[in-house]
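**Student:** Chain by chain, the residues:
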Amino acid sequence: MMVLSFAVNSSTLFPFEGITLAHYGATFADSGLMSSLATSMAVATVSAIIATVLGVLASMALARYEFPYRELYRTLGILPMIIPGVIFGIAMLIYFRTLLGVVPGFWTIVLTHSVYGLPFVLLIVTSRMYTFDESLEEAARDLGADPVETFVDVTFPVLAPAIGAGFLFAWIRSFEDFIRAFFVRGTANVLTTSMFSMIKYGTAPKMNAISTFIVFVVAVLLAVAMNAGDVTSYVADGDGE
Amino acid sequence: MNESSESGWRSSVPSRADLMAAFATRRRRLGITAGPALIWLALLLAAPLTFMVTVSFVSVDQSYQIVWEPTTANYAALFAGDTPLLQRAFVKSLLLSYAIAAVTTILCLVLAFPLAYLLARKGGRTFKVVIFLVLLPFFTMYLVRAYSWYLMFGPSGVINATLLRIGIVNSPIGLFNYGVSAIIVGLTHAYFPYMLLTLYASLDGLDYSLVEAARDLGASRSETLRDVILPLTLPGIISGSLFVFVPALGAFVTPEFLGQGKVLMIGQLIKDRISSLYAVGYGSAASMFIVVSIVIAFVVAFRYVSIEDLGGV
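Chains A and B are the protein sequences, given in the same order. What the first sequence shows, in my numbering, is residues 19 to 259, in sequence order. What the second sequence shows, in my numbering, is residues 39 to 351, in sequence order.
Keep in mind the hints are simulated off the structure, nothing from the lab.
Covered by chain A, according to a simulated footprint, are these stretches of chain B (three or more residues, beta-carbon under 8 angstroms):
1) 81 to 87
2) 168 to 176
3) 302 to 313
Idealized CB from N, CA, C, for every residue including glycine.
So that you can see chain B by itself, here it is in the shape it has in the complex (with noise of 0.2 angstroms):
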């Protein structure tokens, strides 16, 4: 099958003696399959992280050019004002983005969890239609889906405008504008199917007769679902607060949309920052806080799960 003496191209195409000898050792396969992504990776992903990291701690001097000098000019102007600690942009900003993150993430929780626990034990036709509705807005564009949220909330949003026109309230609510519970709504219901899906996945490998067994020897519902199915699936659980939770932290487009300028998460102030100013030493230094926040997140979950059942890679 050699046909290297061919003319042309035939003779750049690999001959099956060729594709055989590439991959006879073992390091040579292993090369081969995971040496390109290596590669790419390090270079598209690693090379850039660092190269932030360590933007964070130099400084841009009138130019534009960066002065090779470590500093922590950058960190320092994170929280540098005249006003109270707590009450400066920046700082209020990450505080107010845990915050919002953290409700986000147990109010999904909350609302998914029945849902999986029912989606888990029922199955069949329910299922494929519930999981439909589910997935179609997970796989409708993120900003479509916060664009209808920010139809539906505001003065003159849609619930408004409905709530008016029945005539239950006489004016717009506050609860439905543009806000921080906006935010919260919207967020929620755009990572909700994460949440639901990583439930859905770990309830589903539960073995029902536990907690059969449980009920057999007399639990009462509440202190099944304490002592059996939550412990059980605590991987499930840790995995998709995880989801929701660093995602929810890093939010830009819906609280853009559903703040209207009244709320700023870290991620509408980073972005700020660089869009505009091309501050990058200080874009930088604030992403630094939230790679931090993300990392600690992280290793406080893998103390209850192992990175297999975070998705079976």
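The shape of chain A in the complex, shown without the other chains (with noise of 0.2 angstroms):
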């Protein structure tokens, strides 16, 4: 698996023999391409922070306290993540169009990758929890500190990391989701959608072009990012998702 992820690499650059940065422009040149790749950023951007915003409220409920059905709440977080895209895809679709008569675009599909993205937050945020030490801001009461304080000075500085994490690994998901976006677009063009069309249509040397980008900057970011930080540990005991 290892030696076929590094040929995932070199078979988007076989088409290149002659080594010409050409591709490259007319790729970063082509406007309805770039235009699509701002939408994404931004879905993903607005997605993430709901998705975030919520998580971390939702993660101190499931950590800290006893509710009825909790376990309920618990599953029905996590099920975004485990529904297959097409089904998820369809019933927002279904949902959006038939049910509520709302137009798909833009915010349709912020909306449905909020939800995508909420299970990824939880599963990191609440997992951080879970071994964060209640003593310490026991200590910081008993020093005086009002729950505000203490929320403030103590328990955010150590979920911070956490909750970095779960907002990038949303904003991720939402960037690279395709079939999800694909159903809820409407007229909307994320990136997913627009490099699909490329490869039905066949227009490869900016298909290439933009793959070999994209590996790379990923490449550099993981890692810095596991160099930086603990990627590892919130992806192996977080359940990488």
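Build the complex from these two chains, which are given one at a time in their own frames, with help from the hints.
**Tutor:** Below, the structure written as structure tokens:
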């Protein structure tokens, strides 16, 4: 598998037998493609923010409190990650179009992705909260801090990396999602749907260029993240999805 | 600290006292934390899914309006046809999808387990490098990975082209052509990281002294594997399998690229019906089969794992 993952890299380079940057030039000059890239980034950011806010709050409930239907709540929270994209996409499309009468577009993608990203935030933040040493909070309270101060000065800084990781995961999953966005996008275009059309209608050089570019960017970011932070533990312990 | 008497926006920012009052009772705290996500999920997850279930039981008339009368016509339509039962489009697609998903899961399991075991035992530098190599395709866009496979397979794909050039074969090998085997390879590669990471997490928590004890007591390698390691890591195996089987069952992009029209998995079938015909009744009914399959898979899995093992939530 590792060999194959290397092969994945080289296969996108193969059509580049004669090294040329012309393809890259054409790709970046393609305004349609660039605007769908911008759309992807906007969708990912907004939906990740929503997912993170909701997810952090929900994690606090799940990790700290016993309440009725807790298991059900947890299952519901994980569900969007489990449902195959086709099913979820269709359900959302039918829901928006037929039941609510909403025209699918930018905001339907955002809403869909905010639900899709929620489980990732939940998993990462709750697993961090389970290992959180509550005696730190108790100590702060004993020393006279009120609940607000305790949260801001003790709880939040400890959780911040996990929250950041959760946000990042949700962002990436939104950015790379194709099938859910495909159904609920209406006439909007995100990067993945543009790429899909490119493959279907065969504009290979640009597809190769953008693919290789993405792989390269991901590789760099991943290497940096792995060295700078504890990415591996979030992924391996928090059930990397 | 109460500045609510000040001008404009300042009076709308909650003061410290307000915040503390908001969080005063446990009930309020619970409401504020669990509430928003609950509402969001109820509106944007539970409602759409419930609606889809409902739609599968109603029909649509000429003008695309829903006729709100319960009917099983959609389900009947799934099985309609003149050909023998097993040959009808939906049934064929469904069974094929189950088969492909199952093979993919087994393949992932067999390939990932040794690697996960090695990683759990070795750790250190090797671990980092390997994890990087595994995570790299994982974080790359799914579409990009599927596209790469698309380039590799096929009569004129990279694999065949290289083999031809080296001279090992004289004509493209059928195995490397688009089709079921290509799809299985693509899906295995796509979901391998999920299996690997889940297994690794499970094996990492394995108390190796138990394995040593078994060896000391005279068990052979395979006996140790069978009687000690596998039972202890069973939750991880089940979770990992679940994380591969379910997405593989509903896969769309990979079979679309690597099947090139020759293979129709259930995900593709549903997508076709919806995006081209907007046949919501048919699509919903078909989706219900997948949903029910997934529920069954989960129920079976939960006999062996609790939801905590699934992801530490």
